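Q: Next come the chains, spelled out residue by residue.
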Amino acid sequence: MTHLAFQKSGRTLEIDADVVVVGSGAGGAAAAVTLARGGHSVIVVEAGPWLDPEHYPGSCAGAMKWLFDDWGVQVTRGRALWPVVQARAVGGTTVINSAICVRTPGDIFMSWRTEHGIDDAQLADRVWRHQDQIEKELSAELVPKTSLGRSNELAILGAERRGFEGHVMRRYAEGCQGQGQCLQGCRAGRKQSTNLNYIPEVLERGGTVVSCAPVKRVLLENGRATGVVGRFRHPGTKAVGDRYVLRARRAVFLAASATHTPALLERSGYRSPALGQHFRSHPGTGVFGLYDDPVDMQIGATQGWASMAYRENPGLKLETLALPLEMVASRLAGGGTQLMERLTNFRHLSFWIQAVRAEASGTVRNGFGGRPVVRYQLGPVDMQKMKTGIRILAEMQFAAGAKKVWPGVFGLPFEIGPDELGVLDQAPLDPRAYTAILSHLFGGAVMGSDPKRAVCDTRARVYGVPNLVIADASAIPTTLGVNPQHTIMGLAQLRAEELLNEESRAHLETPARASRPKHEVR
Amino acid sequence: MQWLVKRAALAFYPRTVALPGAGDCALDEQLLQLRKEGPPILWLSLVFGAVLFMLTPLFTLGVPLPAFLLPPSWLDKHASRLSTTRFYLLRQAMLGLKFAASLAWGRDAEVRRALGIAPYAEDPERFRTT
Ligand SMILES: Cc1cc2nc3c(=O)[nH]c(=O)nc-3n(C[C@H](O)[C@H](O)[C@H](O)COP(=O)(O)OP(=O)(O)OC[C@H]3O[C@@H](n4cnc5c(N)ncnc54)[C@H](O)[C@@H]3O)c2cc1C
Ligand code: SF4
Chain S
1 MTHLAFQKSG
11 RTLEIDADVV
21 VVGSGAGGAA
31 AAVTLARGGH
41 SVIVVEAGPW
51 LDPEHYPGSC
61 AGAMKWLFDD
71 WGVQVTRGRA
81 LWPVVQARAV
91 GGTTVINSAI
101 CVRTPGDIFM
111 SWRTEHGIDD
121 AQLADRVWRH
131 QDQIEKELSA
141 ELVPKTSLGR
151 SNELAILGAE
161 RRGFEGHVMR
171 RYAEGCQGQG
181 QCLQGCRAGR
191 KQSTNLNYIP
201 EVLERGGTVV
211 SCAPVKRVLL
221 ENGRATGVVG
231 RFRHPGTKAV
241 GDRYVLRARR
251 AVFLAASATH
261 TPALLERSGY
271 RSPALGQHFR
281 SHPGTGVFGL
291 YDDPVDMQIG
301 ATQGWASMAY
311 RENPGLKLET
321 LALPLEMVAS
331 RLAGGGTQLM
341 ERLTNFRHLS
351 FWIQAVRAEA
361 SGTVRNGFGG
371 RPVVRYQLGP
381 VDMQKMKTGI
391 RILAEMQFAA
401 GAKKVWPGVF
411 GLPFEIGPDE
421 LGVLDQAPLD
431 PRAYTAILSH
441 LFGGAVMGSD
451 PKRAVCDTRA
461 RVYGVPNLVI
471 ADASAIPTTL
481 GVNPQHTIMG
491 LAQLRAEELL
501 NEESRAHLET
511 PARASRPKHE
521 VR
Chain D
1 MQWLVKRAAL
11 AFYPRTVALP
21 GAGDCALDEQ
31 LLQLRKEGPP
41 ILWLSLVFGA
51 VLFMLTPLFT
61 LGVPLPAFLL
71 PPSWLDKHAS
81 RLSTTRFYLL
91 RQAMLGLKFA
101 ASLAWGRDAE
111 VRRALGIAPY
121 AEDPERFRTT
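So the protein lines, in turn, are chains S and D. Using our numbering, read the first sequence as starting at 1 and increasing by one per residue. Using our numbering, read the second sequence as starting at 1 and increasing by one per residue.
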């Protein structure tokens, strides 16, 4: 059981194992634990630090420093500069997310089959089987009624009155206490981010976790991935530490996220016309409702209500979201005393959002200092969806009793009343008018049957390097229209299981296979 | 350059009767942290935004003075107009300044008390080392 954090001794750390897993978030942790359960020795290497709930920051600034990738300031290049938000910590983005658990919808497997040649009739059943297991292990449950808070209760009412489907969310959180701090990490230890379960289990099963250790390159030798190299980085001071070489006897799993995995492959010298292509997302934006009585969105589950009513048409998922004061303060339009006046209403605000199932496709490249460069821009069709979503959310806020809504769209009035909804139809289709973020990311190293259009095959093995496996969101070739963590985890476990099954078949065919050596730490 | 960024950022969150302003919070510490520990591009964009903030009263108010020489009521108007300008990059640069100041303002115990919301717990600034 070994955890190695930031090291600075002047020596090179060298370790061997059966499998090296890069990244410890949704995909990496799910793959690593399956491999460890299957008897493999596993090294998980993670760019960020390992924080336990007692280390989680209270403030947004603390979260950005200790948990967010690049302080959350990476933005898309395109007409609009929208933040691309993800984490950099053991547990990956599961530490800062809201733990919403949604199974992969059946139509997704159909679209993978028809559009990407992923012709596996059993795929859906196999992913769902893993999702059953994950739901049990990560305690997926409905947000308790007592922890909903008023913003979520108002959303239930708003949808009911508007007459569309809405539901209390199911999340990987055991007895959520409604402390509304998911974004800064759940100090109550309720949210089941992977730093609390799968990663510790990998350690218990004899694995190694190397944290504060961004991988620089995957070692590719004669068509095989033989390991990874990099240098430790102190998460606070950013000081550079020792060099390390982690060797993999059987396979390397990449799970560094939809932006970092393609960038890492590019840095490692891997070339494919599909590398960095097909980057997709569910851009999110929202509408504030202003109520007479306090809403106190900071009390209650960070996210507790959702609707799938518009998933197919026009392609939106609606949710509640408790924004911390800092984010409300920078997000609201205006400055000076006028902004301060608006902020006095903080306790009377609710914030409901839409995740747009965008058709746009962008690219990811390896940029200066190993930072991914994301080019991504929504076209008019997607912007029309976003505009429709703003109207739906505003109608819902009024139905729930809001006296005003703040749509947050440049070019529209700051505040509109219930009889001014028509104003929203004048909203521009220019993405620069909207303050959106990208938090559901897909693609960049997608799977598919055509090596010209895909980086990895239909079992997520990288073309030309069959023991290099993509186990994160970068392999997913489409958007999902639902929250992605469950799909990423289900697929990652399946990939790990496939490797184990393949090896046990090979073992049966060659019984004289050498016994598995233990970790070697030199 | 930190004073320049601070001068500009302060204008977005001035003290009012109801609420403390960014000047009443640990803005210096926050800016120092962003400069030392944040990604270099973030600090660069804050300096860029602050320079633009100082040079643009001519466009927002028709006054040929740098922003730091404006009387408080004009500065207030300048901050408000600049943060809603139709020039996207300028608007984004102001958003960056607001973001930096809001990190200090929104975590401040007095601000949170004035709004009637719970204070944050301390940031432990620790991680697992073994
Ligand atoms: C604020 C927010 C809320 C969200 N809420 C939900 C939700 O409620 N439900 C849901 O389903 N989805 C949610 N998501 C999305 C979901 O969390 C992600 O889709 C998912 O975690 C992505 O999994 P992943 O394995 O691809 O990457 P990640 O979970 O991001 O993990 C990647 C890991 O790789 C590490 N890494 C990167 N580069 C390197 C390198 N060079 N070397 C070593 N390690 C590296 C990173 O530090 C990170 O820990 C949310 C996202 C955000 C940002
Ligand atoms: S809402 Fe609070 S208690 Fe519930 S999971 Fe999030 S941080 Fe934890």
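Simulated from the structure, these hints should not be mistaken for lab results. Note that the structure is a prediction, hence the values are computed from the model and not measured. Hints are supplied without guarantee of correctness; some may be wrong.
Derived DSS-like pairs (lysine-lysine); straight-line CA-CA distance at most 30 Å [what the hints assert, rightly or not]:
{"id": "1", "chain 1": "D", "residue 1": "K77", "chain 2": "S", "residue 2": "K404"}
{"id": "2", "chain 1": "S", "residue 1": "K404", "chain 2": "S", "residue 2": "K145"}
{"id": "3", "chain 1": "S", "residue 1": "K403", "chain 2": "D", "residue 2": "K77"}
Here are the simulated distance ranges between beta carbons [stated by the list, open to error]:
{"id": "4", "chain 1": "D", "residue 1": "I41", "chain 2": "S", "residue 2": "E137", "range": "32 to 42 Å"}
{"id": "5", "chain 1": "D", "residue 1": "Q2", "chain 2": "S", "residue 2": "T237", "range": "16 to 26 Å"}
{"id": "6", "chain 1": "D", "residue 1": "F68", "chain 2": "S", "residue 2": "G236", "range": "31 to 41 Å"}
For each residue, glycine too, the CB sits at the ideal point set by N, CA and C.
Q: Against each hint, give a clear statement of whether it holds in the structure.
A: Status of each hint after checking the structure:
1. K77(D) x K404(S): 24 Å, holds
2. K404(S) x K145(S): 27 Å, holds
3. K403(S) x K77(D): 27 Å, holds
4. I41(D) x E137(S): 32 to 42 Å: 39 Å, holds
5. Q2(D) x T237(S): 16 to 26 Å: Since the Cβ atoms of Q2(D) and T237(S) sit about 19 Å apart, the hinted range of 16 to 26 Å holds.
6. F68(D) x G236(S): 31 to 41 Å: Roughly 33 Å apart at Cβ, these two residues keep to the hinted range, so it holds.
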